[in-house]
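Asks: Sequence:
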Amino acid sequence: MRLLRRLRFGLEFLAFRRRAKGHAERFSLEWSDRWPCLDDRTPTTDFDRHYVFHPAWAARVLAKTAPDEHVDISSTLHFCTLVSAFVPVRFFDYRPAPVTLAGLTCGAADLTRLPFADRSIASLSCMHVLEHVGLGRYADPVDYDGDLKAFAELRRVVRREARSGSWFQWAVPAFSSTPTASTRTGRSSRRSPSSPSANSR
Numbered sequence: 001m002r003l004l005r006r007l008r009f010g011l012e013f014l015a016f017r018r019r020a021k022g023h024a025e026r027f028s029l030e031w032s033d034r035w036p037c038l039d040d041r042t043p044t045t046d047f048d049r050h051y052v053f054h055p056a057w058a059a060r061v062l063a064k065t066a067p068d069e070h071v072d073i074s075s076t077l078h079f080c081t082l083v084s085a086f087v088p089v090r091f092f093d094y095r096p097a098p099v100t101l102a103g104l105t106c107g108a109a110d111l112t113r114l115p116f117a118d119r120s121i122a123s124l125s126c127m128h129v130l131e132h133v134g135l136g137r138y139a140d141p142v143d144y145d146g147d148l149k150a151f152a153e154l155r156r157v158v159r160r161e162a163r164s165g166s167w168f169q170w171a172v173p174a175f176s177s178t179p180t181a182s183t184r185t186g187r188s189s190r191r192s193p194s195s196p197s198a199n200s201r
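Each residue of the sequence shown is one higher than the one before, starting from 1 at the first, in our numbering.
Read the hints as simulated data drawn from the structure, not as lab findings. Just so it is clear, the structure is predicted and the values come from calculations on it, not from any experiment. Certain hints may be false.
Listed below are the simulated EDC-like cross-link pairs for lysine to aspartate or glutamate, each with C-alpha atoms no more than 20 Å apart in a straight line [to be verified]:
{"no.": "1", "residue 1": "Lys-149", "residue 2": "Asp-93"}
{"no.": "2", "residue 1": "Lys-64", "residue 2": "Asp-48"}
{"no.": "3", "residue 1": "Lys-149", "residue 2": "Asp-118"}
{"no.": "4", "residue 1": "Lys-21", "residue 2": "Asp-33"}
{"no.": "5", "residue 1": "Lys-149", "residue 2": "Asp-110"}
Label-pair ranges, simulated between beta-carbon atoms [unchecked claim]:
{"no.": "6", "residue 1": "Thr-76", "residue 2": "Arg-41", "range": "24 to 30 Å"}
{"no.": "7", "residue 1": "Tyr-144", "residue 2": "Asp-39", "range": "34 to 40 Å"}
{"no.": "8", "residue 1": "Pro-115", "residue 2": "Thr-45", "range": "23 to 29 Å"}
Ideal Cβ positions, reconstructed from N, Cα and C, are used throughout, including at glycine.
Produce the complete structure using the sequences and hints provided.
Replies: Okay, structure coming up:
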């Protein structure tokens, strides 16, 4: 199968180069410049459920709740940059992101020692992050209980009063075979390798 894909690529490359004759040259068509992408001819567009559903869910929550400001700890930058178009976002990561956009502020923070006062954040997210804390992957200190300390810090800084309109959005991989997104409070799954679960409170 792989050989057939390479053969098809070669034939299509030659056909494309033939059709370029008679046109103003806009780019190189040398065989040495090729970069075959052989696995993208699929009937549907493939995507990673881990990294598509939970930002889409969280963005919809923020569009509905419309907080004055949202704080995100280490979730995907794609989510934070897009949401910053309609909600001011403060994004914090152990390794700060050098991104400059209107509506977005980036800074450094250790999730096990957050620089925020108790119950001071009305709208907070931390998605697909807890399972990484303490493993040293991002130069953070190795800590067996890093994920538990991080979750305790998130609970400490988020507002808990039901009438305050506060939101805490978090997501971790879970053991279920299908992705889920809900608005009920859930429990963190520690370093689990399967599908995402998302919770809000």
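Asks: Does each hint hold? Answer for all of them.
Replies: A quick look at each hint next to the structure:
no.	hint	in the structure
1	Lys-149 with Asp-93	16 Å, holds
2	Lys-64 with Asp-48	25 Å, violated
3	Lys-149 with Asp-118	15 Å, holds
4	Lys-21 with Asp-33	18 Å, holds
5	Lys-149 with Asp-110	11 Å, holds
6	Thr-76 with Arg-41: 24 to 30 Å	28 Å, holds
7	Tyr-144 with Asp-39: 34 to 40 Å	39 Å, holds
8	Pro-115 with Thr-45: 23 to 29 Å	40 Å, violated
Consistency with the previously given hints fails for numbers 2 and 8, ordered from lowest to highest.
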